[in-house]
Amino acid sequence: EPEVTQTPSHQVTQMGQEVILRCVPISNHLYFYWYRQILGQKVEFLVSFYNNEISEKSEIFDDQFSVERPDGSNFTLKIRSTKLEDSAMYFCASTRNRGGGSNQPQHFGDGTRLSIL
Amino acid sequence: DAKTTQPNSMESNEEEPVHLPCNHSTISGTDYIHWYRQLPSQGPEYVIHGLTSNVNNRMASLAIAEDRKSSTLILHRATLRDAAVYYCILKKGSSNTGKLIFGQGTTLQVKP
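Line by line, the protein sequences give chains A and B. Numbering of the first sequence is given in this note's numbering, commencing with residue 1 and proceeding in unit increments. Numbering of the second sequence is given in this note's numbering, commencing with residue 1 and proceeding in unit increments.
It is worth saying that the hints were derived from the structure and are not from the lab. Hints are not guaranteed to be accurate.
Once the Cα atoms are required to be at most 30 Å apart in a straight line, the calculated DSS-like pairs of lysine-lysine come out as [said to hold, decoys possible]:
id, chain 1, residue 1, chain 2, residue 2
1, B, Lys69, B, Lys3
2, A, Lys83, B, Lys111
3, B, Lys3, A, Lys42
4, B, Lys111, A, Lys42
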């Protein structure tokens with residue numbers, strides 16, 4: 001069964017540095033998402049992306065964050081100047097059909113653990 | 001967004017059925033009921049979803065109350081691998097982005 005893959009599995013970065021988290025969504029999927037989960041807390045929505053545009057973003061997704069689909073397969077999350085509070089698991093997800101749709105399951109990767117020192 | 005309420009934790013014995021409840025008294029007519037689970041050190045995993053009728057798939061069954069204000073996820077025979085956090089999530093029918101709003105979920109422990 002096709003999977004969403006994320007790299008790296010663990011990223012350690014100095015505070016203030018830029019970091020790029022990478023995701024390869026399932027190949028025929030059109031809607032892409034990033035979520036984060038701070039240790040011991042809920043999974044939180046960050047951003048959704050469709051047709052090379054952000055569809056929706058949360059309050060967490062401020063100017064330090066950006067997303068890109070640089071080619072036909074990768075979907076990236078960039079944090080421009082990392083802060084200690086950015087330490088979390090970051091999950092990428094994708095959905096098959098246009099419009100997300102309330103009856104479309106999201107397929108998640110196993111996440112990248114980001115540790116900011 | 002309509003809220004869901006789930007017990008913080010539940011226990012089950014291996015090979016016995018598990019009924020995980022979810023209350024969603026403010027559900028609107030176009031909200032779908034989705035269930036996801038998160039195994040330790042993994043990303044969330046889709047389990048099942050429904051609108052009004054009960055649903056079955058290879059992983060579980062979803063029983064939806066007639067007034068849709070509650071639902072129950074049923075694992076017919078729990079295995080150790082089913083130990084996870086289970087999330088009941090409402091998704092708006094009109095949503096064009098499909099974002100998921102996770103709560104705290106129910107942590108299911110399965111005892112051998």
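Outcome of the hint check:
Restraint check for lysine 69 of chain B and lysine 3 of chain B: satisfied, since their Cα atoms lie roughly 11 Å apart, inside the 30 Å limit. Between lysine 83 of chain A and lysine 111 of chain B the alpha-carbon distance is near 40 Å, which puts this suggested pair outside the 30 Å criterion. Only pairs whose Cα atoms come within 30 Å are accepted, and lysine 3 of chain B paired with lysine 42 of chain A is accepted, the gap being roughly 14 Å. With a C-alpha separation of about 25 Å, the suggested pairing of lysine 111 of chain B with lysine 42 of chain A holds against the 30 Å cut-off.
In this structure, the one hint that does not hold is number 2.
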